[in-house]
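Residue numbers (our numbering), protein chains in the order written: chain A, 1 to 270; chain B, 1 to 263; chain C, 1 to 327.
Keep in mind that the hints are not guaranteed to be accurate.
Said to hold, decoys possible - Below, a list of computed lysine-lysine pairs in the BS3-like style, where the Cα atoms sit at most 30 angstroms apart:
#1 K250(C) - K22(A)
#2 K156(C) - K32(A)
#3 K5(C) - K258(A)
#4 K275(C) - K250(C)
#5 K22(A) - K156(C)
#6 K258(A) - K134(C)
#7 K156(C) - K134(C)
#8 K32(A) - K87(B)
Hints were generated in silico from the structure; no laboratory data involved.
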Amino acid sequence: MSTAGRTGAVTSQVRFVWEHFKFNLAAAMEYKAGFVSQVVFMLLNDMFLLFFWWIVFRRVSSIGGWTFQHVIAMHATLATSFGISVAVFGNSQGLPRIIAEGQLDYYLLLPRDPLLHVLVSRSDISGLGDVAFGIVAMALLGRERLSSLPVLCITALAGAAIFTSFNVIAGTLAFFVGHAQTISDQVGNALITFSTYPEPVFKGAVRVLLYTLLPAGFMVYLPVRLVSAFDPFVLAAILSFAAASIAAAGWAFRRGLKRYESGSLVVVRM
Amino acid sequence: MGASKYIHIGRINFLAKTAYMGDLLLGTTFYTLILFVFVQLWRVLGGPSGLVVEGFGYREMVWYLTASEAIMLGRARIQDDISDEVKTGAIAYSLGRPYHYLGFKFACYWGETAVRMLVHIAVGIAIALLAVGPIQVTAVQLGALAVSVTLALILNFLIVACISLLAFWVEDTVPFFWIYGKLLFVLGGLFAPVELYPEALARAARASPFNYVLYVPARMLVRFDAAAWGNTIAAQLGWIAVLGALAVGLYSLGVRRLNVNGG
Amino acid sequence: MTAIKVRDLVKVFKVAHKRPGLAGSLRAIVRTEHVDVRAVDGVTFSVEEGETVAFIGPNGAGKSTTIKMLTGILYPTSGEATVTGMTPWKQRQRLSRSIGCVFGQRSQLWYHLPPRDTFELLAHVYELPVSQWKPRLTTLADRFELRAFMDTPVRKLSLGQRMRCEIAASLLHAPRVLFLDEPTVGLDVMAKRAIRDLVLEMNREEGVTVLLTSHDVGDIEQVCRRVMVINHGHLVLDTTVAALRRDFMKSKTVRVRLDSPVEGILNIPGVEVLKRKRGNLKLLVNTATTSMDDVLAHLMQLGTIEDITIADPSTEQIIAEIYASGR
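Next comes chain A alone, as it looks inside the complex (with noise of 0.2 angstroms):
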């Protein structure tokens, strides 16, 4: 494909998203007060988030060379990834239900990448208001941090798109054992759990894991350390693993396209 063409690809990618987006937004605003309070009851949720760590760091100084400031930096970046996979890409915690259910059907039936079309095809408004908070988190971490906003930015979305992928891979599972939602929740849950507390916390085995099947080290390990220190290996190395992530689920998605069963699996009960 010449460089135009796909530059034309990736743009008519982009509108088809945004377009989806807006949709999903003009449809949550029927219910206006729900809306609403959706964003700001996330917002106010996740800023007790901070909370702990504020009462942990008024007795400690730091928590293995982590400050408040890391902790803060780590919550914003999470808020922010989870918010924007939710909030635009919100099909993904709900893959497996939905390739159980057969409901793929009618993505298949349109001329566009199923994948990318059922994911943006719902939205969870409240990842609105995690986005906001992770706006407000990053205004806290005060003007000396006012530099590493644009990282902050380019690694949010990095983030978005690992924790979208993770999810998506988890999900295609179902096209290998039919249900298997419970488990892809758990494993969601676990990469959350992790990102958010500070690296140190984990040592040896675990800390592979975290950067290698739950990748919360390239979701918000690096992210946080690329905020005390710009380092462009590191923001590579983020934005690489990004890239990996988006292929390896698209991968896993169109392996598992061919098993697709599309409502007619049943489980014969003897």
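Following the hints, complete the assembly by docking chains B and C onto the known chain A.
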């Protein structure tokens, strides 16, 4: 006596939940994970960082969290059902049935909570023993603790019922549950005993009902105070009376509203 | 030109066998036992451009599975198929631009938004230029009479209005082949009729090839000229609707209520009395030997007709007839 039907409802729910033991056990992986992360965290906080909470060593801290998280995750989730039944008007059908709606929900809640608590207590004890070893408790203390945990779970039911019944007046109660979760986290002392808090905040926490859902029973496990036990239980009962009255009041108001609007 | 070509199409589902209880669930995690179910078992046919074809059969006969393979949703186990010259499971995205699909039970409309929004979104999804889809939407809105509720949220529309929108939505990109799966299910008589007329009109005016599945014999008779019957994954009959009517739809059921009780023995040639209770009669009329006019004439002699319904045989009855005829 009228109580037997509620016991029966609870028993049926208990049995129904045990049928999904596979999912339930898979669900405890999150509990295991949280405890694992906390063991790691306090190993760092208690050791190199030198954080000491008055009266709580590293071992007590882990047992405290095992208890508070067991209650947090062992609670049955009834809010979705109640909110849905209020919103769709299905609650009106219960008016014609020979039981009180809240009594029925309470029985369902306990049926499921009993299974969940048993599983979480078993898993929690295993993990805490493996991670930090046993703490000193007597059989009498465990009995006294069981009373407090039971009251804590009743209190939780009443708070959840009150929030769910708000569905009579607001479109979506889900956001309120996020906030309840976080109030348990902060004022309830989910992750740390209030001894760690600054003075004013600790006072506020102790004055709130949330403290009696998690902190009070969890602390009873690691630092049993025989002299204060009676007062603690009395306070739990007091909150149960207040929130029970509130729940019944909200229910009656809501149902009246239902009648006026015709469902 | 051939619109659809299918040769030896087979789809085998591996169905998991699970033993009951917790032990069974745990066992299933370690090792799942499978049983093969041949949902479609060697189907061969072709459809010319502009044809209207009904695809009928009992539940689980394999009609949905066949349609899902022809639209690219499912990969077949073996066999070949082309739709407008493309292999569905290999060229799914390209194919989707030349086919339209309506699955009666699954809506493509956005529930909380007006139909107009869904149409616009679909225009984006298909990447249709404004100069193309705007006039197309105007034409469809006129023809399907959607104007009155174009801006009303879908959740407030009647089922018939929704189905008109569904079909219009599937035609927005001017497909060459239209797949309809149970398009009239749940609709009242008037709405059914409107849908049938519209599908037929699109076939006549734009030459769209129509392949439809239905349980309703009315859909088949009024829309299609050719019918294929599938059962247990095999094609058991491929003929014209006229021949189907002649050979296998020899009877109609008549329910009638007369103002006065019927007395004595009823003796109309070619008519079997299935049930009688005072003035209420249920009759099975052999339409090959007896015309409906004769039956009505006889009935009017018995008294004044207060109410009457005439029903076609169900698809199940037709299939039973086909098997009875030894095909």
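Hint by hint, here is what the structure shows:
no., hint, verdict
1, K250(C) - K22(A), "violated, 56 angstroms"
2, K156(C) - K32(A), "holds, 18 angstroms"
3, K5(C) - K258(A), "holds, 22 angstroms"
4, K275(C) - K250(C), "holds, 19 angstroms"
5, K22(A) - K156(C), "holds, 22 angstroms"
6, K258(A) - K134(C), "violated, 36 angstroms"
7, K156(C) - K134(C), "holds, 24 angstroms"
8, K32(A) - K87(B), "holds, 17 angstroms"
Checked against the numbered hints above, the structure breaks hints 1, 6 and satisfies the rest.
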